[in-house]
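Engineer: In case you want the letters, here they are:
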Amino acid sequence: MRERMADPILTVPTGSGTAFERWRERHLRILMLAPTLLLLAGLTLFPTVYMLTAAVQNVSPDPDVPREFVGLGNFARMLTDPELHVAVRNTVVFTVVAVTLEFLLGLGLALLFDKYIRRLNFLKTILLVPMMIPPIAVALTWKLIYQPQFGVLNELMFRLGLPSQAWAGDVNLAMATIIAADVWEWTPFIFLLMLAGLASLPSEPYEAAQVDGASAWRQFWDLTVPFLKPVIAIALLLRIMDALRLFDLVFILTVGGPAGATETLSLYIFKVAFTFVDIGYAAAISLVVLFATVGFSTWFIKRMRLAD
Amino acid sequence: MATRAWHRTREAIFRMLAYAVMAIALFITTFPVYWLATNSFKLDIDIFAVPPVWFEFSPTLKHYEAAFIGQPFLIYALNSLIIAVATTIVSLIFGTMAGYALARFHYPGRWRYQISFWILSTRMMPPIVTIIPLFIFFNFFNLLNTRLAVVVAYTAFNLPFVTWMMKSYFQDLPPELEEAAMVDGDTRWGAFVRVALPLARPGIVATAIFSLILAWNEFLLALILTQTDRSMTLPVGISGRVTQYTTHWGEISAAGFLASLPIIIFALIVQRHLVRGMSFGAVKG
Amino acid sequence: MVRKFCLALAVAASALAISASAWADITILVPSGSEGDGLRAAAADYAKLKGTKVEIVQAPYANVFEKAANAGQTKSGAFDIVLMDDPWIPFFAENGHLENLDAYFAKMGVPGPDNDFLGKSLAVCRNPYNTGPFVCIPYVGNAQLFFYDGAKFAEAGVSGAPATWDDVYKAAKAITDAGGGRFYGYVFRGGQGNNVVADFMPLLWSYGANLFNADRTKVTLDTKEAKDAMTMFMTLKGISPKGVESFGPEDVGRAMTSGIAASSINWPNWVATFEDPSQSQVVGKISYAPMPAGTHAGSSEIGHWTMGIMSAAKNKQEAFDFMAWATSPEQIKISATRGNPPVRFSVFTDSELTSQPQFRHYPTLMQAINFSTPRPRHPKWPEIENALGIELSKAVAGTESPDQALANAQTAIEKIAGISQ
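Residue numbers (our numbering), protein chains in the order written: chain A, 272 to 579; chain B, 23 to 307; chain C, 785 to 1205.
Note that these hints are calculated values from the structure, not bench results.
Every residue gets a Cβ at the ideal spot worked out from N, C-alpha and C, and that includes glycine.
Where hints are given, some of them may not hold.
Covered stretches of chain B (chain A as the covering partner; in silico rule of three or more C-beta atoms under 8 Å from a C-beta of chain A) [unchecked claim]: (1) 85-95; (2) 155-167; (3) 179-189; (4) 215-221; (5) 235-248; (6) 263-272; (7) 286-300.
Which residues of chain B face chain C? A partial, calculated answer using Cβ under 7 Å [as the list claims (entries may be wrong)]: (8) 66; (9) 67; (10) 70; (11) 72; (12) 75.
Produce the entire structure from the sequences given, and follow the hints as far as they go.
Structural biologist: Have a look at this one:
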């Protein structure tokens, strides 16, 4: 349908309007893109160059010590850095588990809401509240809830006759507590996107399927899922990109502990860059993270056929 | 008609189950918010009571007084408001134009995809390491500790999302109305401003909400770019109440609770746009 | 209408966003919290008195170091004075971020800060420790205290201040055993990183061990003394509440205020909280003592806030004048009334203060400072602390045996410090 406007620039009646209007119309495409492209280029160019140069240098915290070219030395260091490996593993586990849970819960809730509760609009807004609270306040509130002695969660366990837990202090549960808080905060995001997707479904194919006697389950798999695929893809992509950057929750709930159980990539990069002030190494790790993220996203977008 | 009766019963059971699941979801969603809100009215002794105090505590406004009169949280809130509104407006203007250009114009080869993907990929930079160059960058222009620097940084951070949202929205709008306007003698720009933009209003509102949430709540960039009351935002102010020795839970809850209200109220006002305004090409199949 | 309103709002917000940075004579980076608030108030007094405009930049405690290091490394000159936690001093001094203050003292006609400052307080401000030139002036005097519930300890068979860690264990074990999982005799900061290290160091010292030998050529966690300290540390962990593996000073303090735990190491700022009925259920019950002894005399960790001038500072002389004024006896006394422990003998012993209940811990605190030890003085301390913090956290969480944790910490720290065996 869009293709009918093959080259809308040419549809402009040339010769009409002021000289400025004619100039504007001729260059409209680039003029409309320019502010965004220039701002993004301006703000990413310098950091990228800075990162690329720092990554191959040994940068001393002492400004008077000249930077020393170390080639791929910083990258080689990554291979033998056990703390980094723990951080990578934890980040992958966190991203996979948290985003999967958020997706399943968000989609499930959206389906229920769409089918049964559609008219109660304010309920929808209430379900969205977690993502509107400052993440720092969210993290601190969860810290109180998880607190083993005064926290409500252990009080709840006690009332249910279950043994109390150390939560963030338990090496086996710490990651789960971070994931739970993240799922609480960001499932609403997926929920909203899925609702939007469901609201824009066409009704004809479903009517046809009904006539054919297809079960609700079949309709879901054969119609809803394919229709929703673009929304699902973009929702997952945005969440994965954010999950890879997880910082606030870990920084406040566990600072990477206990025993490294919640050490994540961004926490580790933060420590290397700001606590150890080892800018070269931090840049090298960040560069690898950036390439991995861009590579994954390219693959994912192709796979989901998001591009057009 | 046994099957029909069975059908109806099954439907009723499903409906009850759906309500039950929703009730649980609502409880889990609201409980931490309730806890945050009530903690802001509790004395510390009640925040740390064993067993926890659910309803019966003598409410106090002490923490609100401490945060908003004792500490400059009012100023932080004003900074946050100015920064969030300015960011949202600028990124919506830029992003809507870019989204429209990407949705409607013709591009040679795979340029449409390349440009779109590059815009999105700027958001994949690990923010922690871009902070140092950004600090040097803004210091060079003597813009550290100004609200302008924060707005510029947030706008850049927001643009990929805004551009993508608006691109999808425009792609799902039928182009015929714009064509008709141009046949009637309007310019391409005129068709965008007078025809496409009004049609895209739900999309703009929904995008604005996300942009507001991000700019209102962002922490890491604000931490490095702001320094004093002149530019410091609410999240940085809140984290400042976690001190070396102790955490001022009451003040944090008070500021956190009040800070969430404007966004929630705004979301309630525009809630009918929230779902309608988001389109990701679902109908394209 | 709505459109016009939005437009007006947009214009207003954009206009407000562009506000030029104001001009100040000196800019000081401080942590949020009582130190920052105190110095902010002092700066306001100074501005009124001398007409010098002092700007206070506040950052959350967790981010002061990074802001200062960032400014130092980029030579940005954003800050003239930085209020530093004392373990950071070697990093800033040995990386050329700090101004040597000797010349400024010479200009004043004195060799250095006067002798009213406590010896240990001055020692941290010299780099190398206690012998090098002055790179800062102490401002807030902190050292860990040992807090305990005297009545509960007496009931458990230890009356008066516990003299040794064995006494602490004896009383604490009895309290934990009788507590039925609700009350505990001891609580500590077990959170990975700075937390667990802060509560481990005093034990290490009171068993005669340390991280390095005197000239920093050897890491000494493989000694018998270090193992003894570790054994006591883990023994105490055994009687501590569930979840200490993630505790920070906040959790430890609240466990005390709510009466869950009967003793702990913590910073003196908690004295005021323990006595505040709106925050504490143990008003009047908590006593404090210097650090208990192990096989050697007990020693607490010093945690001073000190003011140094950045090398890239724009107004160094004015900055020094302010520092000299703010650390004078009169100003340190005012600072004490604003909730920041002093660094001067005359203020610690000022009867006008010590007669008031909120300052009754001053004699004990002064004694603790006099018997304190600084964290190992090394420019890579942040990295060392991180490595040690991870291994201690593994021991506390039980994923590694205490001996293994010490051995791994030994190797990791040798690598960071560039010491080959």
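Engineer: Against each hint, give a clear statement of whether it holds in the structure.
Structural biologist: Hint-by-hint comparison with the structure:
With a cut-off of 8 Å between beta carbons, the segment 85-95 of chain B has 0 residues touching chain A; three or more are needed, and the interface restraint is violated. Beta-carbon proximity to chain A at under 8 Å applies to 4 residues in the segment 155-167 of chain B; the threshold of 3 is reached and the given coverage holds. Coverage of the segment 179-189 of chain B by chain A holds. Counting CB-CB distances below 8 Å, 5 residues qualify, and the rule asks for three or more. Counting residues of the segment 215-221 of chain B whose beta carbon lies closer than 8 Å to any beta carbon of chain A gives 0, which falls below the threshold of three, so the coverage claim is violated.
Three residues within the 8 Å Cβ limit are the bar, and the segment 235-248 of chain B against chain A gives 5, so the coverage statement holds. Note: the segment 263-272 of chain B has 3 residues with beta-carbon separation from chain A under 8 Å; the three-residue rule is met and the coverage holds. Given a C-beta distance limit of less than 8 Å, the hint that chain A covers the segment 286-300 of chain B holds, as 10 residues qualify and 3 suffice. Because the beta carbon of residue 66 of chain B sits about 4 Å from the nearest beta carbon in chain C, less than 7 Å, this interface hint is met.
For residue 67 of chain B, the shortest C-beta to C-beta distance to chain C is roughly 6 Å, which falls under 7 Å, so the interface hint holds. A distance limit of 7 Å between C-beta atoms decides the matter here; for residue 70 of chain B the minimum to chain C is near 5 Å, and the interface restraint holds. Nearest Cβ of chain C to the Cβ of residue 72 of chain B: about 6 Å, under the 7 Å cut. The hint holds. Because the closest C-beta pair between residue 75 of chain B and chain C is about 12 Å apart, greater than 7 Å, the hint is violated.
The structure shown violates the earlier hints numbered 1, 4 and 12.
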